[in-house]
Amino acid sequence: NAGVMQNPRHLVRRRGQEARLRCSPMKGHSHVYWYRQLPEEGLKFMVYLQKENIIDESGMPKERFSAEFPKEGPSILRIQQVVRGDSAAYFCASSPLSGNQPQHFGDGTRLSIL
Amino acid sequence: GQQVMQIPQYQHVQEGEDFTTYCNSSTTLSNIQWYKQRPGGHPVFLIQLVKSGEVKKQKRLTFQFGEAKKNSSLHITATQTTDVGTYFCAGKLTGGGNKLTFGTGTQLKVEL
Chain A
167 NAGVMQNPRH
177 LVRRRGQEAR
187 LRCSPMKGHS
197 HVYWYRQLPE
207 EGLKFMVYLQ
217 KENIIDESGM
227 PKERFSAEFP
237 KEGPSILRIQ
247 QVVRGDSAAY
257 FCASSPLSGN
267 QPQHFGDGTR
277 LSIL
Chain B
37 GQQVMQIPQY
47 QHVQEGEDFT
57 TYCNSSTTLS
67 NIQWYKQRPG
77 GHPVFLIQLV
87 KSGEVKKQKR
97 LTFQFGEAKK
107 NSSLHITATQ
117 TTDVGTYFCA
127 GKLTGGGNKL
137 TFGTGTQLKV
147 EL
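Chains as they are written, first to last, in the numbering used here: chain A, 167 to 280; chain B, 37 to 148.
Isolated chain B (complex conformation) (with noise of 0.2 Å):
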């Protein structure tokens, strides 16, 4: 079954208001990335944490990786109707081979 899980699944919100989406994995993984897929189009990598603890900004948008490096948010700041989309998680699972096991996915509807 699906050993990287998003929360939540669904999120609208009026423009200007933050969104956060949290990802959590059942084993450890050696990295994670975000990607974004717009409606109708196809997944675009935004960044990828290695480090346990680690914090990177992207203007309004703010990912962790967690102590454990089982889990990992990306969080953004006033959200604008440009952020549409779904958000995915995705890292390599230990054990798991090379390849990329991706999250369930948030969708995010923005709302004027």
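Chain A extracted, bound-state conformation (with noise of 0.2 Å):
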């Protein structure tokens, strides 16, 4: 029974550069939420999608980022034009339902930037 999936791992890419992060969830969740934690820090909320609609996005940063949960697929955070301060590490977690359900968390992607 596969957990939530993330990859790759670990990401580096040189500033201005395009990162893709991907995230399967748990068989039989629709739920998934991305966050971004920054060392010795907490999660910080970014985006809360179902399959094809984005719930809410109120932690994404207003450019450059972007996430989408398409009908057939992992979910993708996309980072166009990366900077130095997108270093992070980025989480995934899934639920079979919202809100009061605990979250299922992935192994993160390690996102360096050059």
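Among the clues, some could well be false.
What the hints assert, rightly or not - The list that follows gives simulated cross-link-like pairs (lysine to any residue, SDA-like), each with its CA atoms no further than 20 Å apart:
hint : chain 1 : residue 1 : chain 2 : residue 2
1    : A       : K228      : B       : P44
2    : A       : K210      : B       : Q73
3    : A       : K210      : B       : P44
4    : B       : K128      : A       : P268
5    : B       : K72       : A       : D222
6    : B       : K128      : A       : D222
As the list claims (entries may be wrong) - Chain B stretches covered by chain A per the calculated footprint, using a threshold of three residues with CB under 8 Å from any CB of chain A:
hint : segment
7    : 51–57
8    : 77–90
To be verified - The following label-pair restraints were derived from C-beta to C-beta distances:
hint : chain 1 : residue 1 : chain 2 : residue 2 : range
9    : A       : P227      : B       : D54       : 23 to 33 Å
10   : A       : R250      : B       : E103      : 24 to 34 Å
11   : B       : G133      : A       : Q246      : 19 to 29 Å
12   : B       : S62       : A       : E206      : 35 to 45 Å
13   : A       : E238      : B       : E147      : 25 to 35 Å
14   : A       : R230      : B       : G52       : 24 to 34 Å
15   : A       : R230      : B       : G89       : 41 to 51 Å
16   : B       : L148      : A       : Q247      : 39 to 49 Å
None of these hints come from the bench; they were simulated from the model. For clarity, every value in this text was computed on a predicted model and none was experimentally measured. Backbone N, C-alpha and C fix where the C-beta goes; we use that ideal spot for every residue, glycine too.
Please assemble the complex out of the two chains, which come individually in their own frames, going by the hints.
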């Protein structure tokens, strides 16, 4: 019973390039959440999606960041024209239902910007 | 700004000592969840509390949800080295939509 799968585990990009982070939720889970974590800090909510819908993107930066969860395939967090400040761990979590359900986290993608 | 605060930020204890982390929200919470993140790892769900004043136990861990549903605590009795990690509370804030707001976390180090 596979858990939440994120890839890649580590991603290195140069400033100005694009970063694509993928997340496959647990089987049977239709709700996906993306979080960002800086070293020694907490988890900052970015976006909450269901299949083909963005439910809450209040934590997403206004520019360069986008997320999708298509009908088929994984959820994608896309960062365009990356800058050094984008370096962080990005975690994806999934739940079968929204709100009050426990969230199951993937191993995260460690993004490093050179 | 951050609406769910945890204290302390860091705690070093000797193995066998007790440990408590406190979680305080600026608004009422519909529920409170606790997660543990080991160094280099990902958050792992521990427990969820829903009712005002609720207390739950998991072996050496005791979780409480405040009467006003604005605060919570996690107490570990007789810490072990396996307890090392960062403990986060998380809850759905009133008026905050369906997302979970995570607390600032308490990093626990246990020394032999």
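Next item on the list: Hint says 35 to 45 Å; check whether the CB-CB distance for S62(B) and E206(A) agrees.
Entry: violated (23 Å)
Next item on the list: Go ahead and decide if the range 25 to 35 Å is satisfied by the Cβ distance of E238(A) to E147(B).
Entry: Check failed, 50 Å falls outside 25 to 35 Å.
Notebook entry, point to check: Holds or violated: K210(A) with Q73(B), Cα cutoff 20 Å?
Noted result: Roughly 14 Å between the alpha carbons, so the hint for K210(A) and Q73(B) holds.
Check: Keeping to a limit of 20 Å between CA atoms, is the pair of K72(B) and D222(A) held or broken?
Finding: violated (25 Å)
Note to self: Please verify the coverage claim for the segment 51–57 of chain B: does it have three or more residues whose C-beta sits within 8 Å of some C-beta in chain A?
What the structure shows: Our answer is that it is violated, as 0 residues pass the Cβ test (under 8 Å) against chain A, missing three.
Note to self: Is 24 to 34 Å respected by the C-beta to C-beta distance linking R230(A) and G52(B)?
What the structure shows: violated (49 Å)
Next item on the list: Please test the hint of 23 to 33 Å on the beta carbon pair from P227(A) and D54(B).
Entry: violated (41 Å)
Notebook entry, point to check: Holds or violated: K128(B) with P268(A), Cα cutoff 20 Å?
Noted result: Answer holds: K128(B) to P268(A) is near 11 Å, not above 20 Å.
Next item on the list: Decide if the proposed pair is consistent with the structure: K228(A) and P44(B), CA atoms, cutoff 20 Å inclusive.
Entry: Violated, at roughly 33 Å.
Check: Taking only the CA atoms, is the gap from K210(A) to P44(B) under or equal to 20 Å?
Finding: holds (19 Å)
Note to self: Is 39 to 49 Å respected by the C-beta to C-beta distance linking L148(B) and Q247(A)?
What the structure shows: With a Cβ separation near 48 Å, L148(B) and Q247(A) satisfy 39 to 49 Å, so the hint holds.
Notebook entry, point to check: Is the distance from the Cβ of G133(B) to the Cβ of Q246(A) consistent with 19 to 29 Å?
Noted result: The hint (19 to 29 Å, Cβ to Cβ) holds, given that G133(B) and Q246(A) are roughly 26 Å apart.
Hint compliance for this structure: hints 1, 5, 7, 9, 10, 12, 13, 14 are broken, all remaining hints hold.
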